[in-house]
Structures are given as structure tokens and as C-alpha cells.
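S.K.: Protein chains in written order, with full-length UniProt numbering: chain A, 1 to 215; chain V, 1 to 215; chain X, 1 to 215; chain G, 1 to 215.
Hints were generated in silico from the structure; no laboratory data involved. Please note: incorrect hints may appear among the correct ones.
Repeated chains share a single entry, so a pair holds when one copy, or any two copies, can fit it.
[What the hints assert, rightly or not] Calculated cross-link-like contacts (lysine to any residue; reagent style SDA-like; alpha-carbon spacing at most 25 Å): (1) K115 - E129; (2) K19 - T175; (3) K27 - Q38; (4) K19 - Q2; (5) K5 - E129; (6) K27 - G17; (7) K27 - Y10; (8) K99 - E36; (9) K115 - W18; (10) K99 - D147.
There are 4 protein chains.
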Amino acid sequence: MQYVKNLPTYMVQRYHGWKATTYTENKAWYRRLADEGQRPRAMIISCCDSRVHVTSIFGADEGEFFIHRNIANLVPPFTQDGDHHGTSAAIEYAVTALKVAHVVVLGHSNCGGIKGCHDMCAGLAPELEDKSSFVGRWMDIMRPGYDRVSSLPEEDRTRALEKEAVLVSLENLMTFPFVQEAVESGRLSLHGLWNDIGDGSLQQYEAESRSFVAI
Amino acid sequence: MQYVKNLPTYMVQRYHGWKATTYTENKAWYRRLADEGQRPRAMIISCCDSRVHVTSIFGADEGEFFIHRNIANLVPPFTQDGDHHGTSAAIEYAVTALKVAHVVVLGHSNCGGIKGCHDMCAGLAPELEDKSSFVGRWMDIMRPGYDRVSSLPEEDRTRALEKEAVLVSLENLMTFPFVQEAVESGRLSLHGLWNDIGDGSLQQYEAESRSFVAI
Amino acid sequence: MQYVKNLPTYMVQRYHGWKATTYTENKAWYRRLADEGQRPRAMIISCCDSRVHVTSIFGADEGEFFIHRNIANLVPPFTQDGDHHGTSAAIEYAVTALKVAHVVVLGHSNCGGIKGCHDMCAGLAPELEDKSSFVGRWMDIMRPGYDRVSSLPEEDRTRALEKEAVLVSLENLMTFPFVQEAVESGRLSLHGLWNDIGDGSLQQYEAESRSFVAI
Amino acid sequence: MQYVKNLPTYMVQRYHGWKATTYTENKAWYRRLADEGQRPRAMIISCCDSRVHVTSIFGADEGEFFIHRNIANLVPPFTQDGDHHGTSAAIEYAVTALKVAHVVVLGHSNCGGIKGCHDMCAGLAPELEDKSSFVGRWMDIMRPGYDRVSSLPEEDRTRALEKEAVLVSLENLMTFPFVQEAVESGRLSLHGLWNDIGDGSLQQYEAESRSFVAI
């Protein structure tokens, strides 16, 4: 594995900075977390996008949130075909092993994945339709969401689709029997959020008004 | 979707705290990130575990790292079957669209997923072998790694397997043609790390010594 | 005092969040509270337990409740020996200087202190009988309460003892001459509560039925 | 116990409000806290004063902080006389049973207990010198602190004494063998804070400069 390189210096330096400050301040707590295991209160499903910081927005400290991040914060529908399903595995582990109290799906503005999904579904990005495109195949999860926004004026569609991604994921979450059971027994609650990167606002899906409302 | 609930108050309060401090201090930067798009320097593949904080360890600010988090920080092998592959999609997007300079696989101690993998492969957790277990199917990616550590004394096996998870993922990364090409042309470098949660130490895989060495 | 360290960063960030939101919203009120002094309506005696939140349960805003918290929400009997009595001092200050209208003793389920008291009195924790055990000596206040529940079936004893802790404290409160006088003149009323942490229910001691009844 | 009354209606109403909102939002988490026990990260020693809200300042959520509150946030010196010592019991439980990572002493401005201590030590409140005064006997813990500030101009003395109360408490904490041992082995860190109620500022004691510095 000669292709594996040493870490760039800037990352090494940041690590040493963390070790000398945050780690040192919290040594006893980290020791306990290692010895006693994690007990997170919530799972958060967020985008890989470098501009979305769950840990920053919610002041998430070590041990608080179980965080899965994938492109466009998507949950695929329940499919028990024996294949590798990273997102489904994370949800299963959070709900059945860690017994988190909340699953939060956090969408965001200016999402590159959603933009690609829009273009693919609108016929503007045929390369994403190709079987060989992992991004295209992944964003295919959102095709039912696209159908719901396709009649909107073009300039509104992408933003609407970002919010649909949150709703489709929440719907898909409920197709997992262990999620449905936990929700129905009151052990788990589901939440949908959308963050505007530019103005820092946060909207949540309100079941009553069936819309996203600013927090 | 009556099952979707409003966000718990403690998270709402934390968000307002972030908005009034971190966001307000960096408003202009967030505005630019939204308008001009992200330009992350590296992709980090890390575990969902609530005790592992990439953003904390590397002082990751908004816009710096494209972060994918799944159980046990695994990369599955390249498989072009047209199915949903969240991890592969994230890698494809990072390498081909965002053109990150580094991909870092960050493993960690006390990993519940790796422990489950060990027990499954050692025949101690037959339920994980079941086709219906998402965690089991996901951890199956690590079976070749288990074979390499199975001859070790039992008390050393899990920790060794945590490090194997980093190596298996690095090997699998190279099965993606676009990764291999970018590595070979010098546009991309791969890195393997393992973090001890309790003592805060960080080890990196060194190609020369073929071992993990403390940073 | 080289052993005194700076506050961990996560607490500093939380403080800044509070300062920028709750404090800023209520600045004028905090200013008045500082200038004119406190005028709390009630004193609450509660447990140190991190799961019992007087301020949350009663929506207690700044300036409303004078809150004393000790292990197992105990009031020791009136003893005028010139020693340091933190609980007695707090009661004296609340009743004679602040002239609160109510003193509320708030017990709770799953109380570690009460569990220790039970084990000590049942002969299962001899180390707590030791003169050197502060927890043991403190829980000794509850020995009369244990005698009243010791004939119950074992599975009912700890919960019964948690409620006895409220009653013993109320009885001990009346041994303070200034409490008794204030109660008899109608200036002060005493209240006994027990909170179930898990189901969120709250029971109060009703003098008429001589039992705890759900609110 | 005919003197025990039912809870005032305003508190009953607040409880029902909490039950219908905060409790309902976090039901699953409260259930887990009850079943699995508390695991607080820090102990906070704060004043009973109704204007000082640890839970508000640090956004303290259920399960996070073990909170002891007494008059003037004092820690008496280690005394193993077999008497009831509520503060010492709370510290013993937090450090030896719960194994918290931090003990924070939080002082504050406009403290009535400290004002009384000042007046007593300055000969202006002879009634507090009386053996029968619980507040006087409790504040006696602070007499060594008064000696250190008595040469200051009168208008500065009370505020200085409020900060001395934090330092005396930190010094007394170290007289407890189990605290000293935990500090020296790196399992526990001690912190001193002083909050200005009126302007919301927070100062911490910095060992290097031997002074309180704004956070």
C-alpha cells in the first residue's frame, strides 16, 4: 500500500492543537466515554457538504449525537436484499442498539447533490442517468420527490426539492419496521429540518401546517 | 406525516445560541460559502459514533472538509450494479466533482460496529449473519479483514480489526477507477488514521513500516 | 492554586450562547434583579441529581425560586450546636430574611442517595455506616424513615423510602422554631412532592388522605 | 401532618405546562435516564439565590450536571466528625460514585450571604455571631477569606469577598483526600467562576495570573 501517504502537516498541527486544548480540558470525560460506551440522545442524518456543521449548529459535544452523513441526507427505502446498505445499517444501529430518542433529518440550501438530482430528472444531466454514476443512482432515491415539485416555476424547484429530500427521507424512515414500531410506541420521534447556509436560518417541518416554518 | 414532531426545545435553544454567536461572527463567510459553493480541501470518512469528532479533532471550520460518516468508517468495494451506494456516491462526488486533494479514513477505538463484526465472524453473533441484519450485512465488508486478524490472541483481535477496517477501506478505495487514476496522477493522496477515544492519541498508517505509528 | 483550570470550551460556548440570547432578551429584568435584590416566592429543596430539574418542571425564571439542592432533598433536624449546617442556614435565610411564602420539598424516583440509605439500613452496605462516609452520615438523617418502611416487601421499600424522605424532611422542618412560627401564623406553607423521572408524573402529599396523590 | 398543604395553583399549572411540552418532547430520553441512571459530566456548586441559574447559563439539560446549591456556594473544610455534612456528602458522591470530570464553583454578584458575612466579620451584624444563627455559623467558613479582603476600601470589599468565597471553596475542596487524589491523577479538574447578575458577564479564576478574568 505504497499509495498511502502521511497526513498533511496542517492536519497534524491541528490535531496537536486539539490534543493540547480540547482533549486536555476534557480528558476525564473522554476516558469515561471510552470505558463506559456512548449514550447519544439523538441520531442526526446530515449531508457530507463541508458547509453544514451539525456539531456547530447544535453545539454537539462528544457523546451527544450519533451522526450519519451522506450526500443530500437521504434515507433509502427499506430493502432487505442482503446487500451493503450503509445508511440502513446506521439507522438500525441507532434505533435498535443505541435506542436514541430522536432521529433528525437535516437538509440544507445550495445542495450540490439535490442540484444534480434536479438536472437529472429534468433531463439536463443524462450522464447521471447512467448505471455507472454512483451519484446518479444515489440521487434516484429522490425521483418521487422530483415529481412533486416538477410543476413549480424553475427558479423555485431546487429549493423545494431540498425540502422534499427531507420529507422523502422521513417517509422512507417509516418503511423500516423497527423505526415504525419505535415511533408508534412513543420511544422515538422523527424531525425534519432545513438550514439556509447563507443566512443561517433553520426551518422545521411542522406536521400541522404541512410546511417548513422558521424556528 | 403526523408522526413528524417539532424539534425538542433544548436543540432549539442550542441553535439560537449558535445563530447569535458563531453564525453572527462569521456571517460574511457563510454568505460567500453559499454564493460561491464549497471548496473543501479533503474528504474524511469517519464513523457515526458520537464520541468521534472530526470537526473537533481537526478544528474543522465550515467549508474545509467534506465529511462522510457511516458505521465503522467503511468503504465497500467498487460494484457497478446500479443500486443505491451512499458511500460510493460520496467518494465519487468528492473526487470527481469537488476534486479534493486528500481522502482520509479515520478509524477509532471502542467501535461498536467492529465489535459486532468480530463477534459475527467469530461465530458469536449468528443474528448478524442473517440477511435481515443491516448491520451484519454492512460489517460483512470487513470479513477479509477478520481473516487477517483471526490468528491473534483474542484480547488483541478487536483493536487489530479496527485498524484493519482502515486498511480494507483504503484498499477498496483503490478499486474505484476514478480514485486510482487521481492517485496515480498525483492529484489525490490517501491517508489512514486510528484515534484512541480514551487517551486522545492518533496513529497513522505508514506505508514504509506497514504499521500504524503515533503522530 | 495551580490546580485550578480554565473552564472547558464547551461550557464557555454554552455561556456565550446564553449571553447572546436569554440574557440579551431579559437584560432590563436582570438589571433590576441585581439592583433591587431577589424576592423569591418559594423555597424549593431538591436533590442534586442531574435528572431532576426544578427550573424545568416549574418553568422557574430568574428571581422566582430560592433553590437548595442536596443529596436526597433532606432537611436535618434542628440542632443548635454552633457547627456548619448548610441546609439549616438556607432554610433560615429563606424563611426569616427572604420571607418566602412556600417551602416545597421535592423528592424523586431512582434516587441514588435513597438507594444507599436503604442498603445501609438493611445491612447491605456496611461501608456507609463508617464514620468516614459523608454520604452514610448524611443519609443517617433518614434512619427513622427506614424503620417505617422496613416491613414492606423488598421491591416496594426504596420507592416508599423516597417518599418517606419527603415526609421526614417536612417533619424536621417543623422542628425549626422560626418555621413552626411562620407556619402557625399562616405566613408560610409547607409542601411535599415526589417526581417520577421516567414517566414525568408528579405526586403531592395530601394531609387529608395521608398519602401521595398524583397532581 | 395537617400543616402540609396542597401545591399552589400556579405551580400546578406550570407543572402541567412542562408535562405537555418539555416532558412530552423528551419522553424517551427521560425514560432512559430513569432506567440507566445518570452520568453527569460535571458537578456545579452554586448559590441558592433565585437569580443565579446554572441550568440557564450553561443550557444544562436533564442528565448533564450534578448540582449542589447552598448559601454562597461554599465548601466547608474536610472534617470527619461523624456529623451531617450535606455539602461534603454531595462532593463525595459526585467524585467517588459518579466520577464527574469537573467540579465548578460558581459565585455571583449581589450575594446576600456574602453581604451578611462581611457585616458579621466587620462587627456590623453581631446577631450573626450568635451560636443560634445558622446563617452566621455557615458564613463562618468564609472568615479566612474576610481577613484577606479587610484592608480593601469598603466599597470594594463585598465584591472581593464574593470572589474569595470561590477561592476558599476551591482550597477547601482540596482538603478532601478523594478530591486531591482525583485532581492529582488527572481524573478531575476544578474551576472557579463568578457571575455578575446585572450585566450577565462571567469571570473565571485563572491560575496563571492569579485573578478573575472575563470569559
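S.K.: Take the hints in turn and mark each one as holding or not.
M.R.: Results for each hint:
1. K115 - E129: within (14 Å within a copy, 38 Å between copies)
2. K19 - T175: Result: close neither inside a copy nor across copies, 42 Å intra and 30 Å inter.
3. K27 - Q38: Both ways: K27 and Q38 sit 15 Å apart in one copy and 19 Å across, limit 25 Å.
4. K19 - Q2: So K19 and Q2 pass the 25 Å test across copies only (20 Å; inside, 28 Å).
5. K5 - E129: The answer is neither: 35 Å in one copy and 35 Å across copies each exceed 25 Å.
6. K27 - G17: Both, since 14 Å and 16 Å are each at most 25 Å.
7. K27 - Y10: both (23 Å within a copy, 13 Å between copies)
8. K99 - E36: both (16 Å within a copy, 12 Å between copies)
9. K115 - W18: neither (35 Å within a copy, 27 Å between copies)
10. K99 - D147: neither (34 Å within a copy, 31 Å between copies)
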